[in-house]
Structure formats: C-alpha cells, structure tokens
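Chain order of the listed sequences is Z and V.
With the working numbering applied, the first sequence covers 9 to 354.
With the working numbering applied, the second sequence covers 121 to 436.
Incorrect hints may have been included.
[Claimed, not checked] Residues from chain Z that keep clear of chain V, each with C-beta distances beyond 10 Å, as calculated: (1) 56; (2) 122; (3) 124.
[Unchecked claim] Restricting the straight-line Cα-Cα distance to at most 25 Å, the calculated cross-link-like pairs of lysine-lysine (BS3-like) are: (4) V/364 x Z/57; (5) V/364 x V/388; (6) Z/57 x V/306; (7) Z/214 x Z/120.
[As the list claims (entries may be wrong)] Footprint (simulated), chain Z over chain V, 3 or more residues, beta carbon under 8 Å: (8) 154-164; (9) 228-239; (10) 268-274; (11) 304-310; (12) 422-431.
Simulated from the structure, these hints should not be mistaken for lab results.
Quick reminder that beta carbons are idealized off the backbone N, C-alpha and C, glycines included.
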Amino acid sequence: MPWSRFDSNYTAPTGGRRITYCEALREGIDQAMGNDQRVFAIGLDADDKFGVFGSMSNLSFPERVLGTPISENAMTGVALGAALSGLRPIHVHLRVDFMLTAMDQIVNYVAKWQDMFDHQVKVPLVIRAIVGRGWGCGAQHSQTLHGWFAHIPGLKVVTPATPYDAKGLLLSAVADDSPVLFLEHRWLYKNTGDVPEAIYTLPLGKANVLHRGERLTVVASSLAAIHALTAIEAHGLDVDLIDPRTIKPLDLDTIVASVQRTGKLCVVDYDFPFGGFGAEVCAAVTERAFASLQTPPTRIQFPDRGMPSSGVLERAYYQTPDRLAAAFGALIEGAPVARDLIGAGA
Amino acid sequence: MERPRTIRRDDGLWLLQRMRLIRQASERIARLYPTDVMETPVHLCIGQEAVAVGVCRHLTDADKLFLGHRTHGPALAKGLPLPKLMAELYGRSTGCSHAFGGSMHLIDLEHGLPGSSAIVGGSIALGVGAGLASKLAGADFVGVSWFGDAATNAGVFHESLNFAALQRLPVLFVCEDNGYSNVMPKSAHAAFDIPSLADEYMTTMTADGTDVLAVHEQAGEALAQIRSGGGPVFLHCPTKRWMKHQGHERCDIVGNGIDEQRDCPIRKLERVLLDTHLCGAGELEQVRLSVEQQIDAAIAFAESSPFPTPAQLEVV
Ligand SMILES: Cc1ncc(C[n+]2csc(CCOP(=O)(O)OP(=O)(O)O)c2C)c(N)n1
C-alpha cells in the first residue's frame, strides 16, 4: 500500500464531478478500505442504518465496520491497541462531545504513545468526530474544540472545509503513521464541490488560499472558512482568505506571508476563545511579523460560555456570513468592530 | 414476581394523574413538534411513564434526582411544573433552564432536580455524589441516578455502583430498560444481564416497567431499605419505548414487541382502579380532561412568555 503515490496538488479542481462533503467522506473511507485491508472502522452506531449521517452507508467492506457499545473510553484504547498491532483503525464519534468521555485514552495514551517510546512505534489511528452546532442541542452537543485538541502534543488536528478537502485529507489521515483527529462540521455535510473519483491525498500542514486580496488577511477553517468566503464574495471584499486545512500542523508560513502583504489579521474561529486557535494564530503572527501589522490582530470566536439551546440565543451566539462581512468591512476601513460581531462575550 | 392488585385511592389517583400528565404532554409535544415551535431535540417517554411515576411517588423534594437525556417523564413525576417544561421547549426565558438547556437539560431546584445531562453515563455518578453528600452531612435525603439500559455499557456505570456499594451510600439506581440504544437492541450492546450484574454490587430488584403498581411497590421497598441505612439499591425496570429514540414519530424498529393496548401502563392502572371500585369511569375521564386543561394552560404560558435577549449571552 504505498500511500504516498496518491499525493495531490493542493488546489481544488473545477469543472469535474460534483458530490457532497458527506459523499466525499464516504468515498474516501471506502477507497481507504479498498486500498489497504488493514483499514477498518469502529464506533458507536458505526454500523447502523443511519451510517454515521450517511458518511459510512453501504461501504464495500461491511465486515470491516464494527459497532460498539456506549464505551468510548475503552473503545479508544481498543483502537489504539489495534493500531499498535498492525491495523489502521478509523474510530468514529457521532458527536465530538461523546468523544470527551475518552479524553484519558486520547490524551494520555493515543497522543503520548509515540513520544513515550521515542517513536519506535507507529500509531496509524484516525479518530473522526462530527463537530458543531445542531438545532437547539445546547452545551453538550454543539462543541468544536479543535483548538483544545491541538494543544496536546502528539495529535494532528484536521478540519476539512470542502468536499475535495474532506476526501483528500481523510485519505491522508488514514495514510499517516501518527494519530490524527479528523473533525467534520455537520453543517458542511450537504455542501457540494468538485471531487476527483480517483484516490488522492492532500498534505497535512499545507494551507489552502480560498480568496486573494490585499487589504486584510482572514484565517478561518471548516465552516468558518466557508462562511468567510461567502461573506467576501457576496460583498466583493479585498480579503486574502486562508483556510489552514489542518489546525495542527499549522501552515504559519502561508499566513505570515499574507499578513506581510496586507498588514492586517483577523482569525475567524468557531470555537471557544480563551487560549484557543485564534489566540495561537494571533500570537504566532505577532511573533513572526510584528513589524508588518498595522493594527492589532482581531479574533472572531464564540462567546466564552457554553452554547444555549433557545433558537433566539443560538442565532445571537453563532456568527453568520453577513455579520462576518460587517466585521471584515470595518477592519478594512480601520473602523471599530461592534462587540457582537466578534462574539458577544469576547 | 407477584403483582400487587390493590392500592390506596390517593396513591392510585396520584399515579394516574402523573402518568396522564406525562403521556398527554408528550403526545401534545409530538403533535406540535413538526411545526418547529420547539427548536430542540426531544426524547419522549411514551410507554415508559410507569417507571417515572412509580418511583417518584416515594421521593420527597429533598431527594436529589439526576437524569440523562430522556428527561420529561421523570422530571414531571418529580414535580417540575409543566409550564416551566413547555416554556423551556419553546425556548422562552420562563423555561426551567431559562432557555439555555432545552429538552435534555432540565432543572428544578425546588423539587430536587439539580440538572440533567445529555452525555450518556456521566450523570450516574452525580446521583452517587448526592448520596455521599447526604451521608457526610448526616442528612436524610437520597440520591437517585436515572439511566437507560445502554448507559450500563459505560465504565462510569460500574465505577459508580462500586463506590456507592463500598460506601453504603443512600442511592437508588433506576435503570429504565427499554431494550434499545437508539436502534441498537440490548443484545448488541450488553453481553451481560443487567440485574445479575448489578446484584454483584448491591441489593437488586426488578419491577415490570409497564406496570405502575409493580414499580410503586418495588420502589417503596427499595427506598425503605435505603432510608433505613441499608445502603444503595438497584431497581431494574424493563419497559417499552413506543417512540423513536428522538423526535415525534412512533418507533419503527421491526420486532420491537410493542402492543400499545396490552403494554399501556395507563390502561393497566385504570383497569385496576375500575375493578377494585376505587374510581368510576366518569372520574377517570375527568382526570384526562383536567390534564388536557393543564397542558393547554402550560402551552399558553409558553407561547405568551418572552424570548430571551442576546444580552443574556454576556459572559457571567
Ligand atoms: C457518551 C455518549 N455516547 C453516545 C451518545 C449518543 N446517544 C444518546 S442517547 C443514546 C442511547 C442511550 O440508550 P439508553 O442509555 O438505553 O437510554 P434510552 O435512550 O433508551 O432512554 C446514545 C447512544 C451520548 N449521548 N453520549
């Protein structure tokens, strides 16, 4: 299985077959299993009729899809043990919030196993989790948490924004010999885009420039990247939009080079603010390109509190492309940005 | 198991009223749900009412009940006022969780409901914590951990039972065993027999969870043992979930073995009340009607309540 032969150019193609983000994931998983019989999928409800929101429906190798009890912590250890014994598991969680019951295994075991033994072993383990808001789901079913996971040495954190990225990054994650957390935003599942039928991988740690512009650098991943792109295109904003694709490893070079041109940085991060990904990008850019910054960097994140349930509060809590456009416009003009545009509690 | 066929009239009427409240409110929710006036996932407990009501008849406001995601039944049985539940489902600031919680996160401090959690398993430990608090404070309230059959898959279930038993804590574990984890049958999620396993840790009782008199009797015995310092008790109640795991539709799992005529806990109780001449048919109908009126009033309250304002998102 030489996975490396599938390495792809990292710009999305156009004019080809269009499928959904969900179908792209499904195809990636199916091809990973077909390409390498050591690949198997495991997880609570992984084998039921809903097929993990369709991302694992009708796979070609059902004998390599295992349902589990509600035992996320132990099952993570089981997946790690299997990875240490020659297999390449994909452990899936219907919601990232459920995966939190496995933090002992993820942080103390999965993330540490290679460092503890000076990388004598490979840990080819992918942990998929669906992140983001649902519909009045409240504080325990709406989190994203990519910044928090990226804090842990030993975990790669992948956040695909487009169908093309979903498939290519999924295949890269499976091909990787170290643990990868693969976080899929549920609001992206129905988005469509160009996806080649052939198997391909995208480099982990290489950003994707979604829009070229001169007056502001915006860094945004996953759903935030799509919202930012919508805002920029709808209002014709002169913005450089960078989707890092992977929170960790982070393609800082691309971000810094952009800020050196635009002189302004805004991170749109659909996650909690304190000590998060937004803070990391702002700090790193400030360290690397302090002299280029014309204004302090800006973060647009969630308020620093758990998600509410009521629709009225949800609509205030979460950003929209329109509100992002208003914030970007103000930043470009050097005007003050209203508090509610950067996260009410920020 | 011998089923008690008699009941005191006041108990019988209370059990009937609360079961009807839960049933009729759930049916109303199911009817309204497709209109999206309630923007929150709901896990209804139609068919399972007997467990909530039979147990809660023996609980006081001081006893602390911790719930999972299937909240409405036990919360209403414990005393959560229906208007506060409806307002929460309608996302209004008069809801029991001020519109922050939604269906899965209910609270009512006055009635011994310190909150509920939607991550399966974790709240089992919280009931044990309530039992520990009671013991350490020399108080006489009981902690109650409420969960489904699949929560027994989780490590926290075993850790909680073990600790409660080691410390002889005043805790009642109630397993509402509807046989399914979403669409996964118990045979696919548990390689053990739940009451046999629980029995390794503590006194374990089983009551038919579609028969409120059976639950009421067993729960009474269990709580008498707990309150007299006899340590924790596990109450296993096999029951039936008539609805899909989530949402407003009937359960469509093939072979679920549900017969709504035979398995209805309300019909079963009404039959006993009539047969033993505790109530007449007119009185039973009166109960149904007065519950309908309560539901109308609760919905009117919810609909006329204000929505929260975004200012409430200010970090506290
Ligand atoms: C840790 C965790 N894993 C998965 C889920 C998703 N989930 C919610 S309810 C449920 C089934 C629970 O079944 P059971 O405990 O028997 O309770 P019931 O729904 O039957 O009342 C699952 C798998 C969750 N909420 N938490």
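Practice task
Measure nothing beyond the straight line between the CA atoms of residue 57 of chain Z and residue 306 of chain V; if it is 25 Å or shorter, mark the hint as holding.
Solution key: OK: residue 57 of chain Z and residue 306 of chain V at ~16 Å, within 25 Å.
Practice task
Take a quick look at whether residue 364 of chain V and residue 388 of chain V sit within 25 Å of each other, Cα to Cα.
Solution key: holds (23 Å)
Exercise for the section: Below or equal to 25 Å on CA atoms is what counts here, so check residue 214 of chain Z against residue 120 of chain Z. Expected result: holds (24 Å)
Practice task
Quick one: work out the minimum CB distance from residue 124 of chain Z to chain V and report holds if it exceeds 10 Å, violated otherwise.
Solution key: holds (23 Å)
Exercise for the section: Check, residue by residue, whether the region 228-239 of chain V contains three or more positions whose beta-carbon lies closer than 8 Å to a beta-carbon of chain Z, and give the verdict. Expected result: holds (count 3)
Exercise for the section: Mind taking a look at whether chain Z covers the region 304-310 of chain V? Criterion is 3 or more residues with CB to CB distance under 8 Å. Expected result: Satisfied; 4 residues make the cut.
Problem - Annotated coverage of the region 422-431 of chain V by chain Z, confirmed only when three residues or more have a Cβ within 8 Å - result: With 4 residues closer than 8 Å to chain Z, the region 422-431 of chain V meets the three-residue bar; holds.
Handout entry: Distance rule for residue 122 of chain Z, whose beta carbon must clear each one in chain V by more than 10 Å
Key = holds (25 Å)
Handout entry: residue 56 of chain Z remote from chain V - nearest C-beta pair above 10 Å
Key = violated (5 Å)
Problem - Given coverage of the region 268-274 of chain V by chain Z, tested with a Cβ cutoff of 8 Å and a minimum of 3 residues - result: Holds, because 4 residues of the region 268-274 of chain V bring their Cβ atoms closer than 8 Å to Cβ atoms of chain Z.
Exercise for the section: Mind taking a look at whether chain Z covers the region 154-164 of chain V? Criterion is 3 or more residues with CB to CB distance under 8 Å. Expected result: holds (count 4)
Handout entry: Restraint check for residue 364 of chain V with residue 57 of chain Z, where alpha carbons must lie at most 25 Å apart
Key = Status holds; Cα separation ~14 Å.
The structure is inconsistent with hint 1 alone, although it conforms to all the rest.
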